[in-house]
Amino acid sequence: MRSRGSWKIRIFIGLAIVAFAFIQRCNNKEENPYTGRVQNINMSADQEIAIGLQSAPEMAQQHGGLYPDERMQALVDAVGKKLVNNSIARETPYQYDFHLLADDRTINAFALPGGQCFITYALFKQLNESQLAGVLGHEIGHVIGRHSAERIADSSFWQTLTMGATVGADMGGVVQGIGQNTLLTNGRGDELESDELGVLLMIQSGYDPYQMIEVMKILKAAAGPNRAPEFQSTHPDPENRIQKIKEAIIKYQGR
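For what it's worth, my numbering labels the leading residue of the sequence shown as 920, then goes sequentially.
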């Protein structure tokens, strides 16, 4: 009897935790004014900015610090600021800063919450100015789309849900697996949304948006023939991204 009573208590606690997770998720819903998409967000723009500023030095250190040539740094900063000042990005509450990293082996670019954007020298050296604008526009798109904040909130939701399922019915592993697959899918959606926003920013700033397609070709070539299949990656296949970019160009070219 004691065992059955203990089991019932565990079920009750588990269900309470699950209910709390869903109530919290519903309360965190808000519409992004720049994308029109309803998101699960549990932090303010000021908190995003603070996280980005706090994390930026460590992220730079992981890539060998900043590139030592100030002229190259100035070019990255100038292109980034041109994109911000001539597009919807200037209306957002974020503090945009653009950093050229010294890493000359890793082809990469990324953005932290709140506006800290990075590109490695390994990628930078392969780009012309318009292609650089495409890369930076994509990273600004991640900031405007609040993708990091959304992933943090989603991860917190699935962690709480997993805890409830584990306490209530030993189903934590199943729920965790579903959560990981959901976050993976969302990650691909983030990339496509950032591509579209990047195209919009390029057009608004006077850059040729078709240069974004050339960036995809560079990324595809850099990945080589052993690239992981799309279903195993957080990034959509470059060919799929190229098609979406073409659709975005048609969508925004007339504006």
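Misleading hints may appear alongside valid ones.
Mimicking DSSO-like on lysine-lysine, the simulated pairs with C-alpha atoms at most 27 Å apart in a straight line are [as the list claims (entries may be wrong)]:
1. 1165 with 948
2. 1170 with 1136
3. 1165 with 1044
4. 1136 with 1044
5. 1000 with 1044
Because the hints were derived from the structure by calculation, they are not lab data.
Broken hints, numbered, in rising order?
-> Hint check: 1 fails alone, others pass.
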